[in-house]
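J.: These are the residues of each chain, in order.
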Amino acid sequence: MNLNVERLSVSFGEAKIVQEVSLRVQNKQFVGLIGPNGCGKSTLLKSIYKVIKPRHGEVFLSELNVIKASPKLVARKLGVVGQFNELSFDFTVREMVAMGRTPHKGMLENDSQQDADIVSAALRKVNLEGHTGRSYNSLSGGEKQRVILARVLAQQPEFMILDEPTNHLDIKYQLQILNIVRKLDIGILAALHDLTLAAEYCDYLYVMKEGRVAASGVPEDILTKELIREVFDVECETYRNPVTGALGIAYLETK
Amino acid sequence: MHTDLAIPSQPKQSLIHSRYGFMAVIGVLFIITLLSAGAAVSFGQVDIPVSQSYRILLHHITGIQIGDMQELTNGSFVDIIWKIRFPRVLMAMFIGAGLTLCGTIMQAAVQNPLADPYILGISSGASLGATFAILIGFGSMGLLGQSGVAFWAFAGAVGASLLVLTLASAGGKMTSVKLVLAGMVINALCTAFANFIVYFANNAEGIKTVTFWTMGSLAASSWDKLPLISVTVLLAVILFLSQFRVLNAMLLGDEAAVTLGIHLGAYRRVYMILTALITGVMVASCGMIGFVGLIIPHLVRGLVGSDHRRLLPASILFGAIFLIWTDVIARTIVPNVELPIGIITALIGAPMFMYMLIRKGYAFGGKS
Chain G
1 MNLNVERLSV
11 SFGEAKIVQE
21 VSLRVQNKQF
31 VGLIGPNGCG
41 KSTLLKSIYK
51 VIKPRHGEVF
61 LSELNVIKAS
71 PKLVARKLGV
81 VGQFNELSFD
91 FTVREMVAMG
101 RTPHKGMLEN
111 DSQQDADIVS
121 AALRKVNLEG
131 HTGRSYNSLS
141 GGEKQRVILA
151 RVLAQQPEFM
161 ILDEPTNHLD
171 IKYQLQILNI
181 VRKLDIGILA
191 ALHDLTLAAE
201 YCDYLYVMKE
211 GRVAASGVPE
221 DILTKELIRE
231 VFDVECETYR
241 NPVTGALGIA
251 YLETK
Chain P
1 MHTDLAIPSQ
11 PKQSLIHSRY
21 GFMAVIGVLF
31 IITLLSAGAA
41 VSFGQVDIPV
51 SQSYRILLHH
61 ITGIQIGDMQ
71 ELTNGSFVDI
81 IWKIRFPRVL
91 MAMFIGAGLT
101 LCGTIMQAAV
111 QNPLADPYIL
121 GISSGASLGA
131 TFAILIGFGS
141 MGLLGQSGVA
151 FWAFAGAVGA
161 SLLVLTLASA
171 GGKMTSVKLV
181 LAGMVINALC
191 TAFANFIVYF
201 ANNAEGIKTV
211 TFWTMGSLAA
221 SSWDKLPLIS
231 VTVLLAVILF
241 LSQFRVLNAM
251 LLGDEAAVTL
261 GIHLGAYRRV
271 YMILTALITG
281 VMVASCGMIG
291 FVGLIIPHLV
301 RGLVGSDHRR
311 LLPASILFGA
321 IFLIWTDVIA
331 RTIVPNVELP
341 IGIITALIGA
351 PMFMYMLIRK
361 GYAFGGKS
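Quick mapping for you: the protein sequence lines, in order, are chains G and P.
When the count follows full-length UniProt numbering, it moves up by one through the first sequence with no breaks and lands on 255 for the last residue.
When the count follows full-length UniProt numbering, it moves up by one through the second sequence with no breaks and lands on 368 for the last residue.
These are calculated hints, taken from the structure and not from any lab test.
No experiment lies behind these values; they were computed from the predicted model shown.
The beta carbon of each residue, even a glycine, is placed where N, CA and C say it ideally should be.
Where hints are given, some of them may not hold.
[Stated by the list, open to error] Some residues of chain P that are not near chain G, with every Cβ distance over 10 Å (derived):
no.	residue
1	162
2	226
3	256
[As the list claims (entries may be wrong)] SDA-like mimics (lysine to any residue), calculated; alpha carbons at most 25 Å apart, straight line:
no.	chain 1	residue 1	chain 2	residue 2
4	G	72	P	208
5	G	72	P	111
6	G	68	P	267
7	P	178	P	255
Use the sequences and the hints to build the structure in full.
T.: Structure representation (structure tokens):
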């Protein structure tokens, strides 16, 4: 599935948070969205996945008009991994993941054996199959995020949005999540904080500043020290990592 | 699509988390409910042997005769059981189920395990309505007076909760914090008005009626009051049993629910108005019975978890059993005195709640 965002604008009252942003994700690419805190990337993603109503603009998932379509229809195609949150109520890991089947089910329809198999497969994919009976609230942050990822996998989406899914996670879990997602073979749009991780995992990057797209391109082309200085207000040097051959960024002392 | 992922699984699950364990729990609870309804009619100012109670009930319901019916039907036991106690026990059963149902729904709707239908200002609204009807309204006009109290209590309950809902959604999105605060404000306001009426009413008898009413009682139960309550509760049960996916998604919060295809705003509003109406009907016929909607869902979550497809049926039955037996306690614990049932539910409920708060590892439905 391809994602097409056309001139999307979001305002809260007078404040224009996102202005005329257009972007596209095609051919099952892994596309990154980077930018400093408050640049509007989270708001942009939320208006793509229907939590916030945009003021102008259009969002299409292939033929599906995301803004006009019902949440249920969209949820069958689009999975969202947000930041995990604490729940006031507790579920077992399996119950949490099984909720991923919600958009595919009628109101009175119970879960079938096929649903159970899909849930088990999702749990296996995130290495949680031994923990199905554990309480979600008792898990560590990394485990919780994997449960959320498994729930989205059980949704069987054809496109996935990651809304800063790796914040507050140890590097091990960050890599684990990104590796699982990269192997999915579906289109991904991900807001990421870590620029080196973004350079490593993304096929294409959109850089946002003050609600607008400041630059876009393949990571090697746009992650220059000039752009990082302009967008993030940080001095740095970029280099080729001698071990991995990937793009490296060395942050220098800020003024 | 990843349909190639299907591989059979062998998840490790506890007894209650397995399908058969849960069905066993429901089966046992159902049987206990039926047995309780039969046994509870034996207790009261006059104790009647349980075997006789069952025979009388069986005879009246199915026409089956066991043993010497002549001797059984001649005594006053038949009237006590069939005309007085059995409607009351059925009432307790439906009210218990209904209050628990409303508590469970309310807790999901505001995503707060400490919520119960009374936080919407229902209790104070109903009190105000009843106080008005008893002390000012049609209190002295016989039959009209009786239905007047119920009507005004219902109107007060529904009016107060609509006010709370409006206040909580003023200035944008309704949040649970705003809801609780709005509930407190409306509570304070209604209580002030009710106290004002009580203070200036020169009517000792009326004030006693108001007091008794606010403590809740099933003493006024009768066959002709049952249809309204039973139909309301049964319809509510059927409706909400079909909503388990929405209710589960509610516990995850608004954003996660949208990504699962459910926009909570409208559902939350409808659920709260429905619970307010249902609770209003119940409060109007039996006064305020606290703690049932709060405590029973908690207990049952510990048993079967937070998944509403298990939680709802189990807690409804549990609530029914609980209120049947609390009512038995209310009418037997002090000889020749009928205690308001609200006192008993609070006396049992409050310590239970304290225990659950203090107990380490209580995780609102999960197993740690």
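J.: Taking the hints in turn, state whether each one holds.
T.: Against the structure, the hints:
no.: 1; hint: 162; verdict: holds (25 Å)
no.: 2; hint: 226; verdict: holds (28 Å)
no.: 3; hint: 256; verdict: violated (7 Å)
no.: 4; hint: G/72 / P/208; verdict: violated (54 Å)
no.: 5; hint: G/72 / P/111; verdict: holds (21 Å)
no.: 6; hint: G/68 / P/267; verdict: holds (19 Å)
no.: 7; hint: P/178 / P/255; verdict: holds (18 Å)
Figure legend: structure checked against the earlier numbered hints; hints not met, in rising order: 3, 4.
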